[in-house]
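Hints are included, so try docking the two chains, each in its own frame, into the full complex.
Residue-level listing of the chains:
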Amino acid sequence: MKKIIFALAVFVITGIGFVALSNVSNRRQQQLNTHQADWLVRNQQLDQIQAEHATLATQVRDLKRKLQRSLGATPIDPGLAEFLLSNDIKLATPETQERILANFGSGENSSDNYVLVSKAALTNSVLKPLKNFPNTEKLTDAVRGVLAITPEERQSVESIFAEAFDALGDWAKANVQREAESGDMLARYTIPADSAFAQMQTNKLFSNISAVIGEERGELMRKFFQHNRIYSDGGIGDGTNILSIHRISASPGFGYRAGRKWDRSETINTYPEPIKPNRFPAAFRFIFPGGWEELAQREGWELPKDFQEKK
Amino acid sequence: MNERQSDFGWLQQFARARNQNAFREIVRRHIDLVFATALRKVGDAGGAEEISQNVFGILARKAWQFAPDDSLPAWLHKTALLESKSWLRGELRRRRREQTAAELGTTMKTSDEHPAFSPLVPLLDEALLSLRENDRAALLLRYYENQSLRNVGAALGVNDDTAQKRVASALEKLSQFFQRRGFKTATVAATTTALQHSATSASAATVSVVSNFALQAAPPGFVGLSALLARFASLTKVQTAVVCVALAAVPVVWKWEKSHAAAKQIEVLKSKFNTLQDEQEQAAIEVERLLSESLRLKKRLSDAALNRTRDEEVRHKLANLKASSRALLTSENYRWPDDLPFVRVPKSALASIVVAGGPNTPERLSTKVKQFLDLSPSERENARQIFSNYFSEIDRLMETSLYETNRAMSFSLPAEAESKVFVLLPMGEKIRAGLKQLSVDLESALGSDRWAMVKPDSFEFAHYEQVRLLGYTQYAWDQTQEVAINIYANVGGEPKVSWMASGGAGSSQMLLRSFLQGGLAKSSPRLSIFIFDQGPPRLNERVEKWVTEEAGRRLKTPVTP
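Protein chains in written order, with our numbering: chain H, 1 to 311; chain Z, 1 to 561.
Pulled out of the complex, with its shape left as it was, chain Z reads as follows (with noise of 0.2 Å):
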């Protein structure tokens, strides 16, 4: 291997720098080789010598294609073989004209001194160059440079056990060349000696002529392409590759990274034009709002121009209404309006109406104070306020004053029957109450001159409206007043029901059916043709809605009359 970088190493400075001494180092280590070679093939020192000056030339002027892992004796040999070829050929054309050729071939014949080789030799370079480069470097090495096992080794970057083995096997495989060759004779040890006798060492005067005429036939330095070409050729096979590898991925990767580029910037355009798309499809809904708002507001003007000239004509209709009913109230001779929807009347004479035909209770009070008084929006919505009070407190007085029991106060319950009693506590005087509370606010809201226009008789305020919320039967609004409702089993028939009240009333029994919803009393009012007419509407209504959902419990399905 040292011998092998050295080689080229000296090479590389003859190559790059033009070191004679490098080149000279060259020629001194294989100058044997090749002589010899030239010398085998020629048969003539000075032939040889030419040769020898010739293939150096060659060396120094291809001195940059050589790569570290190429094998410089081999290529030597090789040269040699050729140079020496080319030269008999010279020589031959050259003799032809100055002698026969029966003369040059006694001048090439080789010495047969050891019989036993010498027909091996002249097939001896045939024979190399059958071998494998690195087999023919091996024995060239070993038998022609006379190098040791170690730096054949170290030239062909086996350690020695492996130079060894190598030069054997090369040996074997040359034996074997001539073997083929009908050389019966041409053993391994019969080879080898021919390899030894075979290889001549030059003289140091050829050694110098050499040098000197390489140098002189090797090319001036290389520059530019050449010294590129020649950088490139000293490379490995690895650093070859790399090279190519690397020249070659420069405009790929060029053109990967403008693909790649350019794909980036298709990702980031689909990016931005999703972004824009989204942008648009808020922007066309904003635009189709704003649109639709638009028509909207355009027919809102429209009709609110349309409205304007409207209302500019309802305005001028309600004032001259207004004028000319207004015109009443002043009229000294005034005329019942057969025009008009409204009239006059003397606030004198408001005592004495009565809302609704019918006797004066809250209700229609709150209707007359409406309708008869006029009234700002702050006094009507107090005046509302005041009635709705009074409602709110009248029903939750009649909700706590109602309640259910079992067992009766003013009479007894029937043992046969399942009895439940509606119980409603006496009223009257909280009623009374209610009644003195809403006279006195509304007085306070509505002043007292227009409470006087209103003001109802204090005692057939109350007793209307006692009649209205605890019913006709007067006498029972101070007292505690008790509905019994019998249900009777009745074994092997139809339910039945009856009911009791306070004051010993009361009917027979029924059938429960008749109660049910959708029954009987459907086309009927049900309290009519069961409990009193006159009962407060709360507690019918209570009843009722009892004996119904009872009816219901206990018959389950409808019974068809």
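So here's chain H without its partners, still in its complex pose (with noise of 0.2 Å):
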């Protein structure tokens, strides 16, 4: 009976614990049903992210083939095709013109005879526009093929410096001083400044000018000239020009100082050069069309027998 008791107490004790057993293993059981179903539902989202991906993947690499495709040409610098689009030509900055030469090709812009140049770089340059004396109003070579200037525009232009020159010489001849000898100085001529003037002459010049090639190689004319000047009309007005001559001890016995002032600075050599035929201060060629024989004549001096000789 004991054993029985004893029996069922043990059965009870472990019905007991297998109830609670049952409990806690129904429950995992639950959990894992969760899980399980989770598992699942979460494989069919990642069955279905990994679909997309392949899907995406392959749409990607497609698109790829189709942009490198699609970029197989050389493209064309952005900026460049930005302003070639949404601008006149006319208005392209220096650097674009540069591109635009560099964009033609190397080789495409030159012949034998010629080389395409941008108007920007022709802007920043200068080059001699006239001859020297005697032919100081016709213009060189150099500028006639860089300007293109056809040869009735030559004639147009050629007669309008002579009339401004001439206009110059009549104002130069009107206005010159002399100073009498002083020292080892012969004689001093100035010519003074009158900008007021000299700008009118300069302004009508190019106007008249401007009006035969147009005001584009107008400009590059006045540019060019302005900065050749001092060849050509020595700066008449601009600024004071003096031209001194002194008795020099070294050949051929005369010396000359010239040069321009203005209110705050000079460009006059400081000690007297020897005077050379063909450097004769262009300015006072208004006055002595025949450079230094001619003053020398007018002065009463008399140059050595070979001072033409010596060029």
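No lab work stands behind these hints, which were simulated from the structure alone.
Treat the numbers as computed from the prediction; the structure is a model and nothing was measured.
There may be inaccurate statements among the hints.
Said to hold, decoys possible - Derived list of chain Z stretches under chain H, where covered just means 3 residues or more per stretch with a C-beta under 8 Å from a C-beta of chain H:
1) 203–215
2) 287–298
3) 302–312
4) 331–339
What the hints assert, rightly or not - Below, simulated DMTMM-like cross-link-like pairs (lysine to aspartate or glutamate); rule was C-alpha separation at most 25 Å, straight line:
5) LYS223(H) <-> ASP194(H)
6) LYS204(H) <-> ASP338(Z)
7) LYS131(H) <-> GLU460(Z)
8) LYS496(Z) <-> GLU541(Z)
9) LYS128(H) <-> GLU153(H)
10) LYS90(H) <-> ASP339(Z)
11) LYS317(Z) <-> GLU108(H)
12) LYS276(H) <-> GLU293(H)
13) LYS85(Z) <-> ASP44(Z)
14) LYS455(Z) <-> GLU108(H)
15) LYS204(H) <-> ASP141(H)
16) LYS138(H) <-> GLU332(Z)
17) LYS370(Z) <-> ASP112(H)
18) LYS317(Z) <-> ASP77(H)
19) LYS272(Z) <-> GLU52(H)
20) LYS322(Z) <-> GLU98(H)
21) LYS64(H) <-> ASP44(Z)
22) LYS317(Z) <-> GLU98(H)
23) LYS298(Z) <-> GLU52(H)
24) LYS66(H) <-> ASP311(Z)
All C-beta atoms, glycine included, are put in the ideal place defined by N, C-alpha and C.
So, in structure tokens, the structure goes:
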């Protein structure tokens, strides 16, 4: 009997344990089921994502291929493209002009005799527009070639220059001053400054020229002229032109100091340089078209007989 | 113990294998105990024999229920008493029908030959039943089965001494039982005597009769559930506990295993779930990236399509522009192109062109080469490298030719001032050599024809480059130039500064604070109020930097003008 009670007790206790364990087990089973369900859902989601991934990967690969094909041609500089599409070519900046020229390709911008140059490069440059005395109104070959001056234009432009120089000569003759001999200085000629007159003359000159060759070339011509003016008209009116003749010991016995003075500065050589036949201050050509010989003749000095030979 | 084990062993043999000899042995061992007990109760040898048959019959049926730790003598004694009562009740009913109750009482009266213990005898079994099973078993073995103390000890699982003590203790308890019932003479000795005198031996015939009866009354062999129960009943308590626990543990373990398996599966699933989640996150990120890339590519593709259209338009425009521009090169009736940004320039005129309106220097020549010669990209790069090499060399030359000292060679330094002398070594020759090399390299790179188009007048080239690098004092190009900066401490007043240069140029003393960073000189070029305008730019920079630093160092804080 005791054994049966003992056995029953054991079975009751283990029964309780069994029930408790059953509960735990059931709970775990439920959890397991939930997890399995979640896992399945996740699996399905992952499958979907992976399918989406595969689709997208294919799509991206295709797009890359298409893009590669699309970009096959050499791309055009975006800035340049933007400009060409939306602006007048005449408004191209110097940099854009250079980029366009580079875009034409090497060897494409020149021929045997000519080279294509941007107008900007030309604007940033100068060249001698007029020939030397006595042809100071004549255009140089270089300027005629660069500015594409036609024979008709050339004739007109040279006439305009000639008229302008005549006017300057008249004004210079009317305004030149002479100082008498002092010490070793034999004489001193001064053409005074008159910037208003000079400005008016220059404006008139290039107004006339622009009327013939157009504004663009007219401006270039003006720039070339201004830069080389000292060789043409000596810059009459812009500043005071000075020429002093000195007796010097060195051959040919005469020396000169020449140059210009402005309000605050001057460009006059400090010591007299010996005179030379082909180096006569341009401003004073209007007074002495024959140069040193005419000046000496007028002043009554006698130049050495071999003066002309010492060029 | 041996006795007990032996009893259990014989019972096992009988219960399992129906071994009749085993049962006979049990009957032989314990018949006296049973018979004597029955005889005491019923006072009739025939009745005692009948009761003995019944008791052993019950034993034969319940043999399977015995466990090793059960005391068979105690069980037999108790069962004999119960059977005796039962017999007496039956006998009483029978005799009532046949005789009067008084006659029965006379029949059952026990002998009173031993008056000292005889009053105890009727209560002896009740007294024995009041004892604990082990004590009762000890007395039954010792007195009714006439076992030695050794056998008693062995049967009880104790040694001889303990057996003796237990027997004595049991006798004492028995004696006390009687005394509590009012038997003042019930000493231990009297009790012992009562026990000894109440023991009776059954005859050999009785043994045989009882054995046969019991064996006949025994059920057939145990099979199936009965066998299992018999098996169970024959287990010790510990074994029973083990079996019960084992039996109970099976479903528990099964459940636990199930639960554990579920838990493990949950863990595995969790781990898988986490891995899956990571994979999913990674995949989601990747999808996001691909989506973004796809969108970007689509946009690029769309842009590319637009760009292609646009590029085609641009290419078309460029082609037109190129055609019309190139037409300028070959036109026999060339006119200034008002509608184009390009013009053609006769190559013969290139030599006359001066870039940037200034005298020719390597910098301007570089621009002219780039803009007026139709160079291929490689030629352009080559020319760029040649100019770059030239400028690097000139920079290096300037650096190595300029040094600082505190002694002047071409003039005397003022004794009251602290002077720093900047010395520029003659550089004209090296500059001219550099220019010559530049010309040679360019002619080689461009070819003689193109070089002739841009080649500057060599004298002008060298002259203006030296002007650019060394200033306008051309006479100094091939001489060492020195500039001294003199700083006067001017005790009690502000520090002052003056400069001196080769050739006798110099300045008066000026306030040093004028040269503080952000000082007086800030708004005007410092060198125009300080050092010669026409000095080498690099020298001027160096001097100016030094004076500024020195002013800062000496004046610490700017002095308010």
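Status of each hint after checking the structure:
1. 203–215: violated (count 0)
2. 287–298: holds (count 7)
3. 302–312: holds (count 6)
4. 331–339: holds (count 5)
5. LYS223(H) <-> ASP194(H): 21 Å, holds
6. LYS204(H) <-> ASP338(Z): The given pair, whose Cα atoms are some 23 Å apart, holds under the 25 Å limit.
7. LYS131(H) <-> GLU460(Z): Measuring from Cα to Cα gives roughly 20 Å; hence the hint holds.
8. LYS496(Z) <-> GLU541(Z): 20 Å, holds
9. LYS128(H) <-> GLU153(H): 18 Å, holds
10. LYS90(H) <-> ASP339(Z): 6 Å, holds
11. LYS317(Z) <-> GLU108(H): Answer holds: LYS317(Z) to GLU108(H) is near 16 Å, not above 25 Å.
12. LYS276(H) <-> GLU293(H): 10 Å, holds
13. LYS85(Z) <-> ASP44(Z): Holds. LYS85(Z) to ASP44(Z) sits at ~13 Å (cutoff 25 Å).
14. LYS455(Z) <-> GLU108(H): 23 Å, holds
15. LYS204(H) <-> ASP141(H): 24 Å, holds
16. LYS138(H) <-> GLU332(Z): With Cα atoms ~24 Å apart, LYS138(H) and GLU332(Z) stay inside 25 Å; holds.
17. LYS370(Z) <-> ASP112(H): Satisfied, since the Cα-Cα distance of roughly 18 Å is no more than 25 Å.
18. LYS317(Z) <-> ASP77(H): At roughly 14 Å apart (the allowed maximum being 25 Å), ASP77(H) and LYS317(Z) satisfy the hint.
19. LYS272(Z) <-> GLU52(H): With a Cα-Cα distance of about 22 Å, the restraint between LYS272(Z) and GLU52(H) holds, given a limit of 25 Å.
20. LYS322(Z) <-> GLU98(H): Distance ~13 Å between LYS322(Z) and GLU98(H) Cα, so the pair holds.
21. LYS64(H) <-> ASP44(Z): Violated - the C-alpha atoms of ASP44(Z) and LYS64(H) are around 121 Å apart, more than 25 Å.
22. LYS317(Z) <-> GLU98(H): This hinted pair holds, its Cα atoms lying about 16 Å apart.
23. LYS298(Z) <-> GLU52(H): 17 Å, holds
24. LYS66(H) <-> ASP311(Z): Judged against 25 Å, a Cα distance of about 17 Å means the pair holds.
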